[in-house]
Each structure stands twice: as structure tokens, then as C-alpha cells.
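Protein chains in written order, with numbering that gives the first Met the number 0: chain H, 0 to 462; chain P, 0 to 191.
Bear in mind the hints are in silico, worked out from the structure with no lab data behind them. Computed from a prediction, not measured in an experiment: that's the story for all the values here. Accuracy of the hints is not assured; some may be wrong.
Here are the simulated DSS-like pairs of lysine-lysine, each with C-alpha atoms no more than 30 Å apart in a straight line [claimed, not checked]: (1) LYS80/P x LYS30/H; (2) LYS30/H x LYS135/P; (3) LYS30/H x LYS337/H; (4) LYS9/H x LYS135/P; (5) LYS374/H x LYS337/H; (6) LYS9/H x LYS80/P.
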Amino acid sequence: MMPNNTESSKWPAPLRTLDSRLADVVREYVKDTDDPPGIAAVHTRVVARMGQAGPRSSRRLLLAATGVAATAICAATAFAVYHRDAALSAQPTHAAGAGVTEALLPTIPPAPTPSLAPPGTASIRLGELPSVLPAGRVDLLGQASAVLSTDGRASGRAQDGKTEIVLARGNLELHVLPRAPGQTFTVVAGLYKFTVMGTSFTVSQTRSRLELVVSEGRVSVSRGSKLLATVGAGGTWAVALNSVASSGLRQAEVRGQTREASTPAARAPGFVHDRECGQLAAGKNAREALLCYEEQAVQPGLAGETAQYELARLLRDTFASPERALAAFKDQRARFPKGALRTEADLSIIELLPRLGRHAEAMGEIEQFLAAHPKSQRRGELHLMRGNIFREVLHDLNRAEREYASAAESGGRVGDDSRFMRAVCLETLGRVEEAGKAFQDYLRQDGTAHREEAERRLEHLRP
Amino acid sequence: MNTRTADSETQRPLIARCVGGEDRAWRDLCREYCPIASRFLRRMGVPPNDLEDACQEVFVQVFRYLPHFEPRADFRTWLYKLCLSQASRVRRRRRVHEALHWLLRRDSTAMGAAEEPEWSVSMITRRVNQALDRMKPMHRVVLVLYEFEGIEGEGIARILHCPPATIRRRLHYARQEFESFLRAGTAEEGKS
Numbered sequence: 000m001m002p003n004n005t006e007s008s009k010w011p012a013p014l015r016t017l018d019s020r021l022a023d024v025v026r027e028y029v030k031d032t033d034d035p036p037g038i039a040a041v042h043t044r045v046v047a048r049m050g051q052a053g054p055r056s057s058r059r060l061l062l063a064a065t066g067v068a069a070t071a072i073c074a075a076t077a078f079a080v081y082h083r084d085a086a087l088s089a090q091p092t093h094a095a096g097a098g099v100t101e102a103l104l105p106t107i108p109p110a111p112t113p114s115l116a117p118p119g120t121a122s123i124r125l126g127e128l129p130s131v132l133p134a135g136r137v138d139l140l141g142q143a144s145a146v147l148s149t150d151g152r153a154s155g156r157a158q159d160g161k162t163e164i165v166l167a168r169g170n171l172e173l174h175v176l177p178r179a180p181g182q183t184f185t186v187v188a189g190l191y192k193f194t195v196m197g198t199s200f201t202v203s204q205t206r207s208r209l210e211l212v213v214s215e216g217r218v219s220v221s222r223g224s225k226l227l228a229t230v231g232a233g234g235t236w237a238v239a240l241n242s243v244a245s246s247g248l249r250q251a252e253v254r255g256q257t258r259e260a261s262t263p264a265a266r267a268p269g270f271v272h273d274r275e276c277g278q279l280a281a282g283k284n285a286r287e288a289l290l291c292y293e294e295q296a297v298q299p300g301l302a303g304e305t306a307q308y309e310l311a312r313l314l315r316d317t318f319a320s321p322e323r324a325l326a327a328f329k330d331q332r333a334r335f336p337k338g339a340l341r342t343e344a345d346l347s348i349i350e351l352l353p354r355l356g357r358h359a360e361a362m363g364e365i366e367q368f369l370a371a372h373p374k375s376q377r378r379g380e381l382h383l384m385r386g387n388i389f390r391e392v393l394h395d396l397n398r399a400e401r402e403y404a405s406a407a408e409s410g411g412r413v414g415d416d417s418r419f420m421r422a423v424c425l426e427t428l429g430r431v432e433e434a435g436k437a438f439q440d441y442l443r444q445d446g447t448a449h450r451e452e453a454e455r456r457l458e459h460l461r462p
Numbered sequence: 000m001n002t003r004t005a006d007s008e009t010q011r012p013l014i015a016r017c018v019g020g021e022d023r024a025w026r027d028l029c030r031e032y033c034p035i036a037s038r039f040l041r042r043m044g045v046p047p048n049d050l051e052d053a054c055q056e057v058f059v060q061v062f063r064y065l066p067h068f069e070p071r072a073d074f075r076t077w078l079y080k081l082c083l084s085q086a087s088r089v090r091r092r093r094r095v096h097e098a099l100h101w102l103l104r105r106d107s108t109a110m111g112a113a114e115e116p117e118w119s120v121s122m123i124t125r126r127v128n129q130a131l132d133r134m135k136p137m138h139r140v141v142l143v144l145y146e147f148e149g150i151e152g153e154g155i156a157r158i159l160h161c162p163p164a165t166i167r168r169r170l171h172y173a174r175q176e177f178e179s180f181l182r183a184g185t186a187e188e189g190k191s
């Protein structure tokens, strides 16, 4: 019903405060998008750009720049639209890094090459031994200009035309100079390596996430000898890291011969992305998809939980292996006891157990679920399932009838089945009057699935 | 004291410092409100590739017009208004880009303009985003502000310049629309 306009002061309770599946989805979405992937890098860059632009004394300067730039914007936009593809392969320069919106801001003017740094920037010439990069803007002479976040830690070295930056944590933005053939520039973060193909890009490393944002040119991402992706201008690449990922970073630093060389290397996650697994599953490549999800499921958090859930579903639906699916769902529940997909896992377990003949366990699971989710929308379905177990397996019709009665309020097929089965139970128990009334009630409803059978049974009950 | 009043009271000195030309205040303002702006822009359908530029353009507007900002007003309300305009500009621009690409017979996804990096978001987020994309814009904005941003109905009325009763009605329909699109999306995914 449409709300009454005059009652505008009464606002409905926000969905996230309710107890329903939709509310769960809303809560999960809010949680997920409060800090979406890539957002940290966006903030850092916007704050950095605005920090450069904003405070400086005169707003007139900005307004003037905006006015002058306004005419250029149309041309620049058209240029960007028509030639953005070409920019993918264009040789990057520092000046080319400025987007259309940057034209609005008084940015630090690019210095002539080989130094890209504005005045007052720390300069470092990388050598054979690793040098620690200071936080803030730093000019890697003849190589690149970099901006390391204040909480960041990175070191770099160069040898035989090969430059390697090791990012331990934080955010590192790089504008790399064009390189001669055979010269390489790589950024190592954990077990992942980003190889620059003449570009401007940002790598962000936190405890749980490693992210690459490419502004210009291209960057290849590899792990060990395996090429994982090549990311073009405007593209991003990210990977979730588990708690041992920081140890993976230490391993990267071992190559840089830093103080932590003695730290043991730990297993690194090496995940592939959701989309790849989904594509494999959609492409009927079930075995590959299974391996893909297995690899992903090692991750912590929602990503790992989702992968584990998908893995279990694949085992159940595609491989038709209820035992393995049950084990996978139980694994998911054990690893993510408070996860977003916990309810789904519980219900899947409940559905699988009777198929494996483990009825007692199923009854226990249903009991627990109903206690934990007294208002669950699937309550009726569970009562119906319990009623079926009581009737068919345990031959306890009294209890089966009570379960069917509990499920009878539900809508749809569940309610329909429950009402019919309750009447059948009453009939079998010899409670003729009640059974007759139950069948009559059942037949009074439209579109019932067991109409003929109910009519036949009702006919038999009549004296 | 409600949250909004508390918020506007804490933001007042910061805005005064910004208007006074203090470097640090400007950074603080960006740092505090950039996450709010970018989150809201994202929920309003600005693709990840355009997010940074969109967010920056919002703050350019903030920077330009902050001296004229009424200190008693709520900064967040104003920020949401700027974000809404920006999100609509991004949508328009995308439509133009797509049209140009169609004219030039190029693959619009080659630009990466509207591509969602699906691997980087959870299944639920993807489904919700799809449902939001299918909603009417006027319903979407009310739903996002009320359900996801946690803005009260009266606050939304101020942002959208509408009577509260209108917002309430839109919220009612927005919820229905959202739920049906969400269910439809889930069902389609299930079939595929």
C-alpha cells in the first residue's frame, strides 16, 4: 500500500536494521562498499592533488586557470574520446599524466627530463645496494619520480639497466621515464611483480590487499614466472592478501638484502579472480573452475567465503557429489562462523544431510537453525522437512503433524504441501473429524497441488 | 543533539580555516570528506574508472564555492548535492562517449569507460549494483541516501529540494523496485 502523504513524519525503519534476507544483503553491501577496492588509492591521489591545488593562497589563480582551461576542456575531452585507445600504446611523459580534470588545477609543473621532480624533492640515485625511499615525493634520478605515502615503506636498487622497487607497505605512485630496450623497471610487492612498460601508475599495499592502478601505458603483473595480467591505462588490478601476506612481503625484501633477510618466507596466496572462476564455471569447464575456487577460497574475508561457497555449490550441483559438497559447506561454516553466507551454508547443509541419509544430524541442524533464526523466511520449509523426516523415517505421525501445522502458515508450495500432509497425518492417526476438516480447509483454497488426492481422501472419510 | 547538528558544529571551524586559506585545513577537509563523496558517487553508479576524476571534480567545486558556503548549513548535505550533479554529469558523458564509439564503430569496452572490475567486488555487491543500475534515478538516489548512506528522510528532502512526503513515497516505491530487481537478478543468475 502506498504511504499516506500526511504521515511524512513517520519514516520506515531502515532496511539494515531489520531481520530479513534483504536486510542482510543491504548490510553486506554497505559493509562492502564502505571501503571498496581501489578507493584508498583514489583518496590518496585526490587528497594529494587537492592538497597541491587547494591551499595555495589565491583562489583567483584556480579560477583563472579554470577559465583559461574551460575552452581547452572541450577540445581535450574530444581528444580524449577519440584518442584514448591510442594513449594505451603512446610513450608516456610526465605531462601526459594530467587528465582533463587536472587541467582545472594548478598542478606542479613538470621538470625537464631526466629529472621529473619539482623543486624541493628528495633525489636518490639508485645503485647496486638497496636504498630506502623516504616518504613523500622522491626523484629516482634518471628513472622515475615517485610519491610514497607517509605510512609507506619501500626500497629500491638498480643494476645493469634493471631497476627494482620493493614496496613493503603503503601507497606508491610512480611516473616512470621511457626506457631503452632491454632496461626494465619493476615493483615487487609480496610475491607479485609489476613490470613497467613506460607508464604512470600506483601500487597500494595494505595488510589485506594489494592493488595496482594504471594511469598511463601498461603494466604487467606476474607471480614467479607466471604472467597474471597486463593492465592498460585506466585499468586496475587487485588481489586480497591473507594474514601471512606480510610475510610474503618479507620474502620480497630478502631479495633486497634488507634487515629482515632472516625472516622465514611464508606461503603466499596467489589468487585468481572471481571473474575467472565464474567464467570457467559458466564455460562448462567445471574442473578448472573447481581448482580456481579452491585457490581463491584460501583468502580471508568475504572473498574467501564466497569462493568456498561457490566451490561447495559446484560440488553439489555440477559434480553431484553431496558428500564433498557437505564437507565444503561445513568447512565454510567452520572458517567463517560469522560470515555473510553463513545462513546459506547452514541451509545447504540441512538440505544435503537427508540426501545422505543422515536424518538425525539433519534434525539437530534444523533445531539449531530455528533457534538461531526464529524469524527466518525459510522457517516453514524447515518445519516441512522435519515433518517429512518424522513421518517417513521415524514414523512418528504425531510429531510430524505438529511440524506440518507449524509450516502450514507458509505461503506457496511449502504451505500447500504442509497443509495437505497434515491432513494425511490426521487421517492416518484416525483423527477422522480433524482430518475431514483439514481436507475441507485445504480444498477451499485455489490452485492447490494435491486437489484430486485430497478430494479422494475426503470422500473416503465420509460415512 | 542530533548527529547532523553535531556534524555541522565540528565542521564549522574546519571550513573557516579552509576559507582562511590554511593549507592543512584543506587537506583535512579532503581527507575527511573524500571517502564520503567517493563512496556515494560509486553507489550512484559512477564507474570505478571515472571515480577519481569525479571525486576530484566535486572537490574542485567545493574549493571554488566554499567561501560562499553558508556556515550554518550542513556541509554533508551540500557535498551530497555536488556529488549528485557530478554523478549525473558522468552519466551524460558516458552516454556521449558510447554514442561516439558507436558512430566510430569502436568497441566501447575497449575504452574501459563503463567496465566494472567484477573480480574486485563480492557477489552481493555486484547484484546490488546491477539492481541499482536498473532502478529509476529518482528512486535510486532516495534509496541510496536512506538505506546506504544513513541520511534521515528530512535530510534527503533538503538535498533533493522535495517535500518530505514525496521522499517518503519515493522511498516506498524505491524499496519495492530494488527488491524486485534484486530478486530478478538473482533468478537470472541462477538460471544462467
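Hint by hint, here is what the structure shows:
For the hint linking LYS80/P to LYS30/H, the alpha-carbon distance of about 23 Å falls within 30 Å, and the restraint holds. Distance hint between LYS30/H and LYS135/P is fulfilled; the C-alpha atoms sit about 24 Å from each other, no more than 30 Å. Proposed proximity of LYS30/H and LYS337/H is supported: the alpha carbons are some 14 Å apart, at most 30 Å. Distance check on the hinted pair: LYS9/H and LYS135/P sit about 24 Å apart at the alpha-carbon level, within 30 Å; holds.
In summary, the hint linking LYS374/H to LYS337/H is supported, as the alpha carbons are separated by about 18 Å, within the 30 Å threshold. Distance check on the hinted pair: LYS9/H and LYS80/P sit about 24 Å apart at the alpha-carbon level, within 30 Å; holds.
Of the numbered hints listed earlier, not one is contradicted by the structure.
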